[in-house]
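K.L.:
Each protein sequence line maps, in turn, to chains C and F.
At the far end of the first sequence sits residue 530, using UniProt numbering, and the numbering has no gaps.
At the far end of the second sequence sits residue 875, using UniProt numbering, and the numbering has no gaps.
To be clear, the hints were calculated from the coordinates, so they are not data collected in a lab.
Ideal placement from N, C-alpha and C gives every residue a C-beta, glycine not left out.
Check the hints yourself; a few may be wrong.
Below, a list of computed lysine-lysine pairs in the BS3-like style, where the Cα atoms sit at most 25 Å apart [said to hold, decoys possible]:
{"hint": "1", "chain 1": "C", "residue 1": "Lys-125", "chain 2": "F", "residue 2": "Lys-424"}
{"hint": "2", "chain 1": "F", "residue 1": "Lys-234", "chain 2": "F", "residue 2": "Lys-46"}
{"hint": "3", "chain 1": "C", "residue 1": "Lys-440", "chain 2": "F", "residue 2": "Lys-410"}
If you only want the chain F side, here are some residues facing chain C, beta carbon under 8 Å, derived [to be verified]:
{"hint": "4", "residue": "Asp-385"}
{"hint": "5", "residue": "His-409"}
{"hint": "6", "residue": "Asp-423"}
{"hint": "7", "residue": "Lys-424"}
{"hint": "8", "residue": "Lys-425"}
{"hint": "9", "residue": "Leu-643"}
{"hint": "10", "residue": "Asp-644"}
{"hint": "11", "residue": "Pro-646"}
{"hint": "12", "residue": "Arg-647"}
{"hint": "13", "residue": "Leu-778"}
{"hint": "14", "residue": "Arg-779"}
{"hint": "15", "residue": "Val-780"}
{"hint": "16", "residue": "Arg-781"}
{"hint": "17", "residue": "Arg-782"}
{"hint": "18", "residue": "Cys-786"}
{"hint": "19", "residue": "Glu-853"}
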Amino acid sequence: MSCQFLLLLLLSVGVSAVEVQRPRGVPLSKRQFYEEGKPFTCLDGSRNIPFDRVNDDYCDCQDGSDEPGTAACPNGSFHCTNAGFRPTFIPSSRINDGICDCCDTTDEYNSGATCQNTCRELGRKERESLQKMAEIAKEGFLLKQQLIHEAKMGLEDKKAKLGDVQGSKKDMEAKVEALRTVKESAEQPEREAKERHLKAWEDQKALIQKEKDSARMAEVFLELDDDADGFVSVPELLSHSELDPDADGSFTEAEAQGLLGGVDKVDTVAFESIWSNVKEKYMSESNADTPAPEETSREEINEPVSDNESDQYPDDDIPEDEDDDDEEDEDDDRDEHDYKIPPTARTEEKKDDDEGAMPPYDQETQNLIDAAQKARDEFDEAERALQEVDDQIRNLEKEISFDFGPSSEFAYLYSQCYELTTSEYIYRLCPFNRVTQKSKFGGSETNLGSWGKWAGPEDSIYSVMKYEHGTGCWQGPSRSTTVKLTCGKETVVMSTSEPSRCEYLMEFTSPAVCQEPPSLEISSHEHQEL
Amino acid sequence: TANVLVFASHYRMAPLLVVGLALCLSGTWAVDKGNFKTCEQSAFCKRQRALKPGESPYRALLETMELTNTRLTLQLINDNNKVRLLLELYRLQGNITRVKINELKPLKPRYEVPDVLIREPTTEPLSVLSQDENGVVLSLGVESQRVIISARPFRLDIMEGSDVLMSLNSRGLLAFEHLRMQEEKVEDGMWEETFKSHTDSKPNGPSAVSLDFSLPGVEHVYGIPEHADTLRLKTTDNGDPYRLYNLDVFQYELYNPMALYGSVPVMVAHSAQRTTGIFWLNAAETWVDISSNTAGKTVFGKMLDYVQGSSETPQTDVRWISESGIIDVFIMLGPTPKDVFSQYASLTGTQSFPPLASLGYHQCRWNYNDQEDVKSVDAGFDEHDIPYDFIWLDIEHTDGKRYFTWDPHKFATPKEMLQGLMDKKRKMVAIVDPHIKVDSNYKIHNEIRTLGFYVKNKDGGDYEGWCWPGSASYPDFTRADMRAWWASMFAYDQYEGTMENLYTWNDMNEPSVFNGPEVTMHKDAMHGSWEHRDIHNLYGLYVQMATAEGLIQRSGGVERPFVLTRAFFAGSQRIGAVWTGDNAAEWDHLKISIPMCLSMGLVGISFCGADIGGFFKSPSTELLVRWYQAGAYQPFYRAHAHLDTPRREPWLFGPENTALIREAVRQRYTFLPYWYQLFYRAHVTGEPVMRPLWVEYPQDLATFALEDEYLIGRDLLVHPVVEEGARGVTAYLPGKDEVWFDVHTFQKHNGAQNLYIPVTMSSIPVFQRGGSIIPRKLRVRRSSTCMEHDPYTLYVALNLQRTADGELYIDDGHTFNYEKKEFIYRKLTFANKVLSSVNLAPDAKFTTDSWIERIIVLGASKPSKVTLKTFESAC
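This is chain C alone, in the form it adopts within the complex (with noise of 0.2 Å):
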């Protein structure tokens, strides 16, 4: 019938569900708030009310603590006691709307659901897992221990080491300052030898100079003197247009005038005092078509600087023990060997190649350049190492210093990388360092983040990493990837997923998660509280 919902009720008089020992919802450690036949008292304080309106089915309390079994009130809670399994309690609305939420399947006593009971099956198998994990914390945390160990045996023998890179440091640097004495003492007789070799050169090449001069003197005189009658004349100069002082297209009887000194023709001997007016413009006749030489293009010097990658990532230099990472470093130094070199000392090279070359050193000037040299290799073999030294202290200190956990457990995944293959892609885990994904059908490497820091809750800021600024994403942010440690006897790559758009998951386990198991006999109780 249509109209049995007309009823206006105010007040729902239904039919209290009271058990027998306490109102349905109500857990045990409340049960001395309901007492049967005594007027009820909110649990907040708020109003009184007789117990015959708790449980039935209208909320009359703010907190919704009158209305333990019933969907009456919006903010109440229904405890399902889940004998078998853990009890637990769940938002008051979802009693009675069809679903099965507890595994007692108290929370559906008239919805008309079927609801199976499966505590039993549940609290096994939650039994059985508990169990299994309790073993894998156990191992697991034996393991730690060791990696604890393992990371203090390291670390000491880190800091020794450290200590003796550092001893060795001072007196590498002594050796270092000694050859820079010998160095320079080498280099000062060698410098005095080579500028007297170059003046010796330069004269010489001088006086080379001038002969080709006048020949060339000699040569253009001929060529102009037309008639051979041993004066260049004026007439003779106009056929000459590329004389013009002034280049303005008419190359006037004045101007050869002026040319030759202000006279109408000179010999031989006053060509020689107005050759240099003649020299440099003068075209031979024979050759008068050779194009002026073009100005090289010099864009080959532009190279690309630095790759944007090593900037934008410092990390870069942690040393990684995997080949196949270090194909990129490579790349990196030789671009920036390339970009060391002065382009200059290319072209003046070539340009001495064309006057022709010096020639060698004398052998006394020899020796001393030899020396020099040596005492140059050894110098710089010395700051090498003196260099690699540093290197290695800086790295040393890195290490020692890094934050590896509460007791180092995790270093031992320093310098390690884990391999996850899926049906698209290989991702691979190098702690500390990177995240990379690479498509099994080739193509090129995508950082999905450098190592950022721990980030996990405040209560255990170890169980996650954060991997941060990897290749940028289209019209978005930078890759990055938060990866979730678990314990695990293992260490290994679980499984990855990409939850939002260039944002990755990882999860990671790790015997160095592993918190010792508080007591082996956790799994047996099974009626307990929460």
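We have chain C already, so just place chain F on it with the hints.
P.N.:
Showing chain F alone in chain C's frame:
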């Protein structure tokens, strides 16, 4: 989802990379206006707009007039070219006048829009009151309404008593480009038109139609969605006209007249005296010019002189221009807003009655990655005790963007997933777009091709364009046989992996063609013998229609469908829900969601919503919370996000914000009974669910341009907080005899005042009108279906006379059985301290387990005694 730019990130789609790149270079987060035509760039619009008001070249040939009982016909002649037109005039039931103008003898038939009117409208008798050589006066039957046909120049004036309600061609802008053979001397753009790299071959030449309407006494016009603009339409004298051309606009800009995804060519004009409407039934590209008080000076005929009065009367002039088809216009004469709604509903139908669950909260994202993801989001809602009804899957759920399929790895066992949701009484929506991957291994494609159901290109081959799957073809949804086939594809044995709790979303149905002109289909593509030019704005409606039909059929006609569409047209309200497309996570986009949905409601489409949070970009937490709060009080309530944005499920922003969002969603669920019965009313009457204040307070000028607040039904006033860092809002409470109750604090406020309301992050200013009774369900559960049998609480808000009334509608929430009178519909009245109930549908029958558990009376003092009476006879 949608758009071209995003496509560029799909690096495997090399051929489209160029398109994306070009957009990238613009470098801004805004629409690339250059991709879409201005009026100047649209040859017919430019041509038509070049005509200025003046004396019309058209003359009515009164001697050709023929009047039957229901129809008047009359020839018009253009004195410049001697081409004759045929005017048809009808008086339709419910105070509507229909004017049709076509060529008397067109070279070939011109397109007349089918399938939009629900039936051939019922006509009423017309009679001649007087006639002379200057014109004819016809009686429209009611209230001394008359149509005056002036002969030279031709114009129509519709009058009531001494008032001119509307004049047609009073500015002489009637223009009808007749079909012709190609002449030697041709104007630019008449027989071919190029925009960017696309050439429109225009084999039929010029075919535009245009007509002007003058509205004396009108200063406010509304409607003609879809535009991201103010509720009150602006004049267009200094810019482009409003454009109606369904387009996939990437990152649309706000406050301009550019076309968007859908079109409803209906304008509503309102003044304190009267509300009228113009329905321009044309599916081709259309532009609407609006100007104000520039007319009124044109020469009226002798018969009109005496009614003219002061020339200072405000007036709005409107001009409609369409690229092809005919002039077929329905003049809805009101006089009240609700009359106009029912007049329009009598022509194109009412809002479909949605399943109750679809009024709940929808959780969407492009994309939920796999079944595991769906499961964990679903669990997240339970963990955080936030109700929701639908979880959505965007295009990535398919096998390579082949709709009707599932990704074999990510969604390997869809039924298992759907069963998991069903166990929680929840539902899912999966996307089915109308572009079909051209792939000979794809069953759907092969069948459509074999059946010859694809739209054809101008050369007769299957039309192909680029969309999400790469090369794609487009089924010709204008064909009834194609639609029937499409509907049959939703059968459970055809669409594998589906179950009854899977519903459908039609996106990209403008249609979107990434490499097409203006990102849509070439106008010279062919739908049978009609050009795409003729039917363009209708395509999206047909897609949604065929899809909804599929959902109905798969249930044997029992279950109501739920289909969301992006493109729409007049009549789309009959089919399902509409959303405002690809908005952005910006405060202004939150703000504009109100006028956008109000505009749609005015033209029949009540089931409207905007993507909560904004589709593009990532919202600040404050914006997201405010959007959840605002969206809780808009009809279609769905959160959605772009693929490239960070996750934003409600619990990802800290417990405080989770609580704020939970509270907003819970408020929505408590009001579901009210939403549901409003949709029932919208389904019966055509009146909008979400409505501007002036609809209820038509004489209150202060309400005419309000768009930061609105009414849900008649009784709830909502002024959401849409400003960043807001400390308060000022809401206008209308009605000098009204009182309004804050629904959260029950505080009473007088009407006809601007009320400043201080707000905190938890505030959603909502008021219940004194004099109303609103049913709610306060036992909010994890989905609306879980609340089915729960009891109601009645909120009785008393007015100054200490009375109130309201309704209560109940049915099964999801089937068509309400059509078989299986429902409860009661009127609730509170008067003389008695709350009583009357059965509004005595012949209807339905049994519910629900009861009324609580009655809250607002504005009354504490009663000393309460008694309950039941009258068996009242049943």
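K.L.:
Lys-234 of chain F and Lys-46 of chain F: Cα distance at most 25 Å?
P.N.:
holds, 20 Å
K.L.:
Does Arg-779 of chain F pass the interface hint, meaning its C-beta sits closer than 8 Å to a C-beta of chain C?
P.N.:
Interface hint status for Arg-779 of chain F: holds (5 Å vs cutoff 8 Å).
K.L.:
Double-check Cys-786 of chain F for me: the hint is only fine if its C-beta lies closer than 8 Å to a C-beta in chain C.
P.N.:
At about 4 Å, which falls below the 8 Å cut-off, the nearest Cβ of chain C leaves the hint on Cys-786 of chain F intact, so it holds.
K.L.:
Can we keep the Arg-647 of chain F interface hint, with Cβ of chain C closer than 8 Å?
P.N.:
holds, 4 Å
K.L.:
The hint names Pro-646 of chain F as touching chain C; please verify it with the least Cβ-Cβ distance against 8 Å.
P.N.:
holds, 5 Å
K.L.:
When the nearest CB of chain C is found for Val-780 of chain F, is that gap smaller than 8 Å?
P.N.:
holds, 6 Å
K.L.:
Between Lys-440 of chain C and Lys-410 of chain F, does the CA-CA distance stay at or below 25 Å?
P.N.:
Roughly 18 Å separates the two Cα atoms, so the pair holds.
K.L.:
Under 8 Å, Cβ to Cβ, is where Arg-782 of chain F needs to be relative to chain C, so tell me if that hint holds or is violated.
P.N.:
At 7 Å from the nearest chain C Cβ, Arg-782 of chain F passes the 8 Å test, so the hint holds.
K.L.:
Under 8 Å is the threshold here; is the Cβ of Leu-643 of chain F close enough to any Cβ of chain C for the hint to stand?
P.N.:
holds, 6 Å
K.L.:
Verify the interface restraint on Lys-425 of chain F: the C-beta must sit less than 8 Å from at least one C-beta of chain C.
P.N.:
With a closest approach of 6 Å, the Lys-425 of chain F hint holds.
K.L.:
Could you grab the alpha-carbon distance between Lys-125 of chain C and Lys-424 of chain F and see if it respects the 25 Å cut-off?
P.N.:
Holds: Lys-125 of chain C and Lys-424 of chain F sit about 23 Å apart, inside 25 Å.
K.L.:
So, as I understand it, the hint says Asp-423 of chain F touches chain C; can you test that by seeing if any CB pair is closer than 8 Å?
P.N.:
Interface hint status for Asp-423 of chain F: holds (7 Å vs cutoff 8 Å).
No hint from the list above goes unmet by this structure.
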